[in-house]
Structure formats: C-alpha cells, structure tokens
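A.B. asks: Line order of the protein sequences matches chains S and B.
Under the numbering used here, the first residue of the first sequence carries the number 1, and numbering increases by one thereafter.
Under the numbering used here, the first residue of the second sequence carries the number 1001, and numbering increases by one thereafter.
Accuracy of the hints is not assured; some may be wrong.
Below, computed lysine-lysine pairings styled on DSSO-like, alpha-carbon distance capped at 27 angstroms [unchecked claim]:
(1) B/K1153 <-> B/K1121
(2) S/K156 <-> B/K1073
(3) B/K1032 <-> S/K143
(4) S/K86 <-> B/K1282
(5) S/K131 <-> S/K86
(6) S/K123 <-> B/K1282
(7) B/K1207 <-> S/K157
(8) S/K132 <-> S/K58
(9) S/K86 <-> S/K143
(10) B/K1121 <-> S/K90
(11) B/K1032 <-> S/K123
(12) B/K1127 <-> B/K1259
(13) S/K156 <-> B/K1032
(14) B/K1207 <-> B/K1121
(15) S/K156 <-> B/K1069
(16) S/K157 <-> B/K1069
(17) S/K68 <-> S/K90
(18) S/K132 <-> S/K90
(19) S/K131 <-> B/K1032
(20) B/K1172 <-> B/K1259
(21) S/K157 <-> B/K1032
(22) S/K132 <-> B/K1032
(23) B/K1032 <-> B/K1127
(24) B/K1073 <-> S/K141
(25) S/K69 <-> S/K90
(26) B/K1073 <-> B/K1127
(27) S/K123 <-> S/K141
(28) B/K1263 <-> B/K1282
Sample of chain B residues lacking proximity to chain S, with all beta carbon distances greater than 10 angstroms (derived) [claimed, not checked]:
(29) D1010
(30) K1014
(31) F1025
(32) R1026
(33) L1037
(34) K1073
(35) S1129
(36) E1151
(37) G1157
(38) C1171
(39) L1265
(40) R1307
Honestly, the hints are just simulated from the structure, not real lab data.
Just so you know, these numbers come straight off a predicted model, no measurement behind them.
We put the CB at the ideal spot given by N, CA and C, even for glycine.
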Amino acid sequence: MSSSSTTTTTTRLLMLKASDGVTFEVEEAVATKLGAINNMVEEEGSEDLICLPNVNGKFLGMVLEWCKKHANNNTNSDKGNDEVNKWWDKEFVMDLDQNTLYHLLMAADYLSGTELVDLLTEKVASMIRGKKVEEIRETFKIKSDFLPGQEEEIRKKNSWAFE
Amino acid sequence: MESFSDLPEDILVKIMSWLPPESLFRFKCVQKLWYILITSLVIKNDPFFVAKHLRNSNKKTSIFFRCIKDEKKLQEGFLNIYKNDGNNSSSDVLSYAIKYFKPQSRKYYDSFPKGYDDIDKVYKVVKISGYWFDDLTAQVYTLGINDSWREIKMREGTDDCDLFCDKTVCCKGVSYWLLFNVHTFEVIIYSFDMHDEEFRTIPLPDKFQTSSRGYVLDWDTSLTELNESLALFYHPKDKYGTVSPIEMWIMYESSEGHKFWCKHLSIDPVGGIYKIPILFWKSDELLMMENKKGLVSCNILTKRVRRLHNRKLSTFISFGYVKEFGFS
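Based on the provided sequences and hints, a complete structural model is requested.
C.D. replies: What follows is the structure, encoded as structure tokens:
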C-alpha cells in the first residue's frame, strides 16, 4: 500500500531490494534508521536502489515496519513518545517464535539497526532467563561437550546460581 | 530450520548482557563455548560488557550488605530487588532475593563500588582504610589494567580523620565518603575523581554549620545516590526526643562547576517509628531499615510501604550500593 501524500515532496524515497527480489519503497528518513543503509546513502550518494542480498523480503519487511513506527513516533517531539515506542516495541516482540527471532536478529544485525538488535536480544534474554541448563540446551539445540565430572565441578563452584 | 545456536558470538554476547548474574553463572554449564565466553566476559570484567550490562539491568538493583547471621557470624551478601513492571503500574510486583557469599570465593574488590572513568574508559575501585589512631590510606585498583592496588596520596589535613561509615557512594565518575575529625567530630565530604585521581573536599549544606564548631552530624547520617547525583540523609539531632522528619539533600552542580545543596525531601516517620533510610534502589523507591533487622521499601510519591525482609535471622550492619556486577 502506498501512502503517497502531497506534503512529503521533500522526502526522498529509496528502493530496497531483498534477496528474494521483493522490493520496498521507503522514505529515506525511515531507512536511515538502519546504520548500514545510512552509510550507503552517505557514501554512495545518489543511488536510489539498494540491493540487500543477505536479507529475505519477509524479514526486511518486518525490520522496515519497526523503523517506520519509530521514525513516525520520533517526529512529534513530545515526551510521551518514549512511552509509545516502548508500548509498541512490546507488541512487536510479543509473539515472535524462535525461528522468526533468529532471522530478524540476523537481519537487524546485518543492517546495523542497533536499537532493534537491543530490543530483540532483550526478548531472547527474557525467554531464557529463568531456564534450567537442560532447557537452554534444548532451546539452543546444543549438546554438552564437557568431560565427565567437569560439569559437576562448575555446578559446585556456582551452586548459588542453581538455588 | 535455523535456531539460536546458529547466532554469531557477538549477538550471543548481546543477549547475555541482558541476563542477571545468577542466570549467567548457571549457564556456564551449558557447553564449553558458553563457559569460556561467560568466564571471559564476567570474571575478567570486560569493560564494554560490564558497561552494557549496567545499562541493561535497570529492572533489578543489587545492594551489597554486611550482617550478623545466626551464631553471631559476620556474613556478606547481595540483596537483589526486582520490580516486575506489569502493563499498568498498579500491578507491579516487588520481589527480592538474598544471596550470601562464601567469604573465600569472593574477590576483595567486589564489595566496593566501581567508578567509571569516562575519559580513559576504565573502571576503578577506590578504598580508604585506617582505624582510630592509624592514618587513613587510600588505594586504587584499575580493573583489567593492573592486578594490584596502587597507593594514592591523600590530602593534607586528613591525619586526624576517620571514616564516618564504611559506605562509599560513586556517581558520575567520582567517589564520595564521609570523614570525621576524631578530636572535634567535625564531618566533611571527601571526594575522589576517577580520572585525574585527585582527592577534594566538598562543603556540606550551610544549614548544618553550627557557629562554634564545624559540621557535627548524627551517626545515622549517610551519603547515597539519586539519579546520578550525590545525596545526603540528614537526621535532625533531636530525633530521639521529638520525632522530626529525616531530611534528604541533593548536591547540584552549576554549568560553571559550582556545587550547591538543595533540600530534596523530608521523610516522616512511618507509623511514628523511625526507619533509617539506606538508599534509593529505584528513582522513587527508598530502601529503609527498621530496628537493624527489618527492611522496607517506601515509595516516596505514593507513601506506600512494602515489607521486604522481617525475619529475625540477621542483623544488618551496613549497606553499599552496587549497581554493577559484583560476584563470586
């Protein structure tokens, strides 16, 4: 859906092309919330089409949705915006599953979306914070590679963390 | 399908920066890579990790304390206070956990507040020690740079001084202590700048200056920190007789570097009983002590008092504010 309006004549539009060929038309002010795109715009100047071979369309779309919300909320400069952003961030990460979180994190990291990486890593941390060691191994799909006895030793030394 | 195990190490580190110490220490058991990663981040006090963790851990406050536990044994530990923010503020839940250290398993400097030198980007720990009739000595420890304490020269005129209490406050790269003169009982605030490593003295609010002698303060007077400013709890002298409110003063600094004190609030006795303010563990939640045993959290705005700890197991002696990592 194009949200064309006559008041945005000064806003430059960028075309972002994802790995699967899907393209997004985004205002420069929105896209430059991503450090990587900001650098490309500043260094390479006039190029309007930016190819992003490491991000697939689905996740690029989600990253841009986040950028758009934050860019819009930041234009009205009153103090309530922090609250609005926080509330919206909560909604954004609420129902993300592990697979989506993984791809979003990789996309946000690749695009240098520092604030979004912060939001997503906090979400992952909140999912694993109270878990047992065995549950972490299950979530991360990793196996213990300690020699027999080593794990018990670490547990003993850090017993307070297991109470 | 990819999973979290495919995440690159730098993202894993960012996730870890959001985890509380107990989770981090537990997760050392997950696999060798995690063990090495967490050990290198935490034990070696990686300054960037610690700085990030400091910013991220605003939902929990760790407070270092000393107490006398059963059988009159001196114990040290951390009081962790958590605030679980619900969607509306009325549903917030306060929970706490007390972790005692094993004395031998702790690094010595953990109980001292760390100060951040924002110019050289290093953490430093400063301690002042010395007892009655011993001269005070000051030592500095720079985390990750050298593994030893360096002696720092104190200012002249501190020969007759002793520490008023063993609580150090650190804000904006400066550490503060209350010192008193063993002969005159005058009290001064002594500060140490983490960057230029200079000691300075700071005057107390004018109000406290009596005409004949200098500043003579009640023994429950203490320094604390509020929103990165130095704050002072002042107990009017007649408190045992007439029950007058405890005052809290905050030190502000003008753009020219001029320091001045303003009275921030008065704390009325709760239910007619004095509670000794310890520190703000959140911007409006004040931790207070009752009869050296019970701990309560008092919301300064709503006046709501919540009891944290009232078991008669331990007698609290002192508290230190430790926002950063400090662990065994």
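A.B. asks: Does each hint fit the structure? Answer for all of them.
C.D. replies: Against the structure, the hints:
Pair hint B/K1153 plus B/K1121 holds up; C-alpha atoms about 23 angstroms apart against a cutoff of 27 angstroms. Distance hint between S/K156 and B/K1073 is fulfilled; the C-alpha atoms sit about 23 angstroms from each other, no more than 27 angstroms. With a C-alpha separation of about 10 angstroms, the suggested pairing of B/K1032 with S/K143 holds against the 27 angstroms cut-off. A distance of roughly 19 angstroms separates the Cα atoms of S/K86 and B/K1282; the hinted pair therefore holds under the 27 angstroms criterion.
Using a Cα cut-off of 27 angstroms, the hinted pair S/K131 and S/K86 holds, with the two alpha carbons roughly 25 angstroms apart. Of the supplied pair hints, the one linking S/K123 and B/K1282 holds, its CA atoms being roughly 22 angstroms apart against a limit of 27 angstroms. Of the pairs offered as hints, the one joining B/K1207 and S/K157 is violated, with about 52 angstroms between alpha carbons and a cut-off of 27 angstroms exceeded. Of the pairs offered as hints, the one joining S/K132 and S/K58 is violated, with about 33 angstroms between alpha carbons and a cut-off of 27 angstroms exceeded.
Under the criterion of a C-alpha separation no larger than 27 angstroms, the hint pairing S/K86 with S/K143 is inconsistent with the structure, at around 36 angstroms. Between B/K1121 and S/K90 the CA atoms are separated by roughly 33 angstroms; this puts the pair beyond 27 angstroms, and the hint is violated. Proposed proximity of B/K1032 and S/K123 is supported: the alpha carbons are some 24 angstroms apart, at most 27 angstroms. The suggested pairing of B/K1127 with B/K1259 holds, with an alpha-carbon distance near 24 angstroms, which does not exceed 27 angstroms.
The suggested pairing of S/K156 with B/K1032 holds, with an alpha-carbon distance near 16 angstroms, which does not exceed 27 angstroms. Distance check on the hinted pair: B/K1207 and B/K1121 sit about 38 angstroms apart at the alpha-carbon level, beyond 27 angstroms; violated. This hinted pair checks out: S/K156 and B/K1069 have alpha carbons roughly 23 angstroms apart, not beyond 27 angstroms. For the suggested pair S/K157 and B/K1069, the alpha carbons sit about 22 angstroms apart, so the restraint of at most 27 angstroms is met.
A C-alpha spacing of about 16 angstroms is found between S/K68 and S/K90, which places the hinted pair at or below 27 angstroms, so the restraint holds. Using a Cα cut-off of 27 angstroms, the hinted pair S/K132 and S/K90 holds, with the two alpha carbons roughly 25 angstroms apart. At roughly 18 angstroms between alpha-carbon atoms, S/K131 and B/K1032 fall within 27 angstroms of each other, so this suggested pair holds. With a C-alpha separation of about 14 angstroms, the suggested pairing of B/K1172 with B/K1259 holds against the 27 angstroms cut-off.
A hinted pair counts as satisfied when its Cα atoms are at most 27 angstroms apart, and S/K157 with B/K1032 qualifies at roughly 16 angstroms. Only pairs whose Cα atoms come within 27 angstroms are accepted, and S/K132 paired with B/K1032 is accepted, the gap being roughly 16 angstroms. The suggested pairing of B/K1032 with B/K1127 is violated, with an alpha-carbon distance near 36 angstroms, which exceeds 27 angstroms. Proposed proximity of B/K1073 and S/K141 is contradicted: the alpha carbons are some 45 angstroms apart, above 27 angstroms.
Using a Cα cut-off of 27 angstroms, the hinted pair S/K69 and S/K90 holds, with the two alpha carbons roughly 13 angstroms apart. For the hint pairing B/K1073 with B/K1127, the CA-to-CA distance comes to about 24 angstroms; that is within 27 angstroms, so the pair holds. At most 27 angstroms may separate the alpha-carbon atoms for a hinted pair to count; S/K123 and S/K141 meet this at roughly 18 angstroms. Distance restraint check for B/K1263 and B/K1282: the Cα-Cα separation of roughly 19 angstroms lies within the 27 angstroms cut-off, and the hinted pair is therefore satisfied.
Look at B/D1010: its CB is around 8 angstroms from the nearest CB on chain S, not clear of 10 angstroms, so calling it non-interface is violated. Non-interface status of B/K1014 relative to chain S is broken: a Cβ of that chain comes within 10 angstroms, the nearest being about 4 angstroms off. Not every beta carbon of chain S lies more than 10 angstroms from that of B/F1025, the smallest distance being close to 4 angstroms; the non-interface claim is violated. Some Cβ of chain S comes within 10 angstroms of the Cβ of B/R1026; the nearest lies about 4 angstroms off, and the non-interface call is violated.
For B/L1037, the requirement that its beta carbon stay farther than 10 angstroms from each beta carbon of chain S is met, with the minimum near 13 angstroms. With a least beta-carbon separation of about 17 angstroms from chain S, B/K1073 lies farther than 10 angstroms from that chain, consistent with its non-interface assignment. Annotated as non-interface, B/S1129 keeps its C-beta farther than 10 angstroms from every C-beta of chain S; the closest such distance is 28 angstroms. At the 10 angstroms boundary, the C-beta of B/E1151 stays outside the reach of chain S, the nearest C-beta of that chain being 33 angstroms off.
Every CB of chain S lies more than 10 angstroms from the CB of B/G1157, the least distance being 44 angstroms, so the non-interface label holds. Remark: the non-interface label on B/C1171 is consistent with the geometry, its nearest Cβ contact in chain S lying 23 angstroms away (cut-off 10 angstroms). For B/L1265, the shortest C-beta to C-beta distance to chain S comes to about 23 angstroms, beyond the 10 angstroms cut-off, and the non-interface label holds. At roughly 22 angstroms from the closest C-beta of chain S, the C-beta of B/R1307 stays outside 10 angstroms, upholding its exclusion from the interface.
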